[in-house]
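Engineer: Sequence:
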Amino acid sequence: MHATTQTDVKDDPKARELLRKAFDNTARWQAGFKGFTADLAVNVNGKEATGSVTVKGPRDLSVSLPDGDIQKWAENQIGMIAVHRGPRSFEESDGKYVLTLGDDLDHPMGPRLIINGDGMHSFYRVKGDRITQINRKMGHPGAPPIAFTINVEDSMVTKDNKFLTTRYTVYYSSPKDGKLT
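Residue numbering for the sequence shown follows this note's numbering, starting at 351 and increasing by one per position.
The set of hints was computed from the structure by calculation and includes no laboratory data.
Glycine is no exception: its CB is placed at the ideal position from the N, C-alpha and C atoms.
Incorrect hints may appear among the rest.
Cut-off 25 Å, straight-line C-alpha distance, at most; resulting in silico cross-link-like pairs (DSS-like, lysine-lysine) [unchecked claim]: (1) K384 <-> K422; (2) K529 <-> K487; (3) K512 <-> K384; (4) K360 <-> K477; (5) K406 <-> K384; (6) K487 <-> K422; (7) K509 <-> K384; (8) K487 <-> K360; (9) K526 <-> K487; (10) K509 <-> K371; (11) K406 <-> K512; (12) K422 <-> K446; (13) K477 <-> K371; (14) K406 <-> K509; (15) K364 <-> K477; (16) K512 <-> K446; (17) K406 <-> K422; (18) K477 <-> K509; (19) K371 <-> K446; (20) K360 <-> K371; (21) K512 <-> K364; (22) K422 <-> K397; (23) K360 <-> K446; (24) K529 <-> K371; (25) K446 <-> K487; (26) K487 <-> K477; (27) K364 <-> K446; (28) K512 <-> K477.
Quick list of the computed label-pair ranges, beta carbon to beta carbon [claimed, not checked]: (29) R517 <-> D358: 31 to 41 Å; (30) N426 <-> E367: 25 to 35 Å; (31) G385 <-> P458: 30 to 40 Å; (32) D527 <-> V359: 23 to 33 Å; (33) G407 <-> T508: 16 to 26 Å; (34) G478 <-> E442: 22 to 32 Å; (35) T404 <-> K364: 40 to 50 Å; (36) P458 <-> D362: 14 to 24 Å; (37) K487 <-> H457: 27 to 37 Å; (38) G429 <-> T499: 18 to 28 Å; (39) M506 <-> D358: 37 to 47 Å; (40) S412 <-> G445: 27 to 37 Å.
Put together the whole structure using the sequences plus the hints.
Structural biologist: Structural data, given as structure tokens:
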């Protein structure tokens with residue numbers, strides 16, 4: 351069984367193969383990633399700041415900006431990018447769950463690929479051997495639950511022939527009624 355939580359759904363080999371190909375075609379840092387330091391320019395709603403960022407690993411980074419609010423925002427954004435670029439196998443990530451396909455195989459962004467049992471009601475859309483959309487519902491203690499959809503707008507192909515997302519849009523909504531927040 352692939353799931354780490356109990357589910358009565360059977361794994362779909364087609365869904366597993368689609369997601370494995372997309373996972374294998376996604377750029378990630380290699381296991382020996384040594385990190386980097388870079389100049390950083392941030393613009394949040396017209397408020398600009400310049401400074402630096404040092405990323406040592408997927409969960410080890412520091413941002414230096416003169417504005418504390420912008421620094422916190424940048425740390426959160428860069429931290430999320432770093433976590434998703436970290437080295438891991440398919441089996442360590444979504445491959446450990448039961449994977450199934452939805453009924454919308456002809457959707458323009460690709461079929462719905464459901465990650466059963468991950469606790470976030472996740473589903474992706476996969477087209478052309480890459481993930482084109484991510485959907486999740488999340489909640490944290492003391493905070494209202496939130497749902498979000500990430501549409502991958504643009505990607506580049508790395509020298510290793512992997513897709514690296516360069517632009518995406520996130521839509522936040524209420525998990526109860528689907529209204530945008």
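Engineer: For each hint, tell me whether it holds in the structure or not.
Structural biologist: Structure-based check of all given hints:
no.	hint	result
1	K384 <-> K422	holds (24 Å)
2	K529 <-> K487	holds (13 Å)
3	K512 <-> K384	holds (20 Å)
4	K360 <-> K477	holds (22 Å)
5	K406 <-> K384	holds (6 Å)
6	K487 <-> K422	holds (23 Å)
7	K509 <-> K384	holds (18 Å)
8	K487 <-> K360	holds (22 Å)
9	K526 <-> K487	holds (10 Å)
10	K509 <-> K371	holds (18 Å)
11	K406 <-> K512	holds (22 Å)
12	K422 <-> K446	violated (32 Å)
13	K477 <-> K371	holds (10 Å)
14	K406 <-> K509	holds (22 Å)
15	K364 <-> K477	holds (13 Å)
16	K512 <-> K446	holds (22 Å)
17	K406 <-> K422	holds (18 Å)
18	K477 <-> K509	holds (21 Å)
19	K371 <-> K446	holds (15 Å)
20	K360 <-> K371	holds (20 Å)
21	K512 <-> K364	holds (21 Å)
22	K422 <-> K397	holds (14 Å)
23	K360 <-> K446	holds (13 Å)
24	K529 <-> K371	violated (33 Å)
25	K446 <-> K487	holds (19 Å)
26	K487 <-> K477	holds (22 Å)
27	K364 <-> K446	holds (15 Å)
28	K512 <-> K477	holds (14 Å)
29	R517 <-> D358: 31 to 41 Å	holds (39 Å)
30	N426 <-> E367: 25 to 35 Å	holds (34 Å)
31	G385 <-> P458: 30 to 40 Å	holds (38 Å)
32	D527 <-> V359: 23 to 33 Å	holds (26 Å)
33	G407 <-> T508: 16 to 26 Å	holds (19 Å)
34	G478 <-> E442: 22 to 32 Å	holds (24 Å)
35	T404 <-> K364: 40 to 50 Å	holds (42 Å)
36	P458 <-> D362: 14 to 24 Å	holds (21 Å)
37	K487 <-> H457: 27 to 37 Å	violated (19 Å)
38	G429 <-> T499: 18 to 28 Å	holds (20 Å)
39	M506 <-> D358: 37 to 47 Å	holds (41 Å)
40	S412 <-> G445: 27 to 37 Å	holds (32 Å)
When held up to the earlier numbered hints, the structure conflicts with 12, 24 and 37 and fits the remainder.
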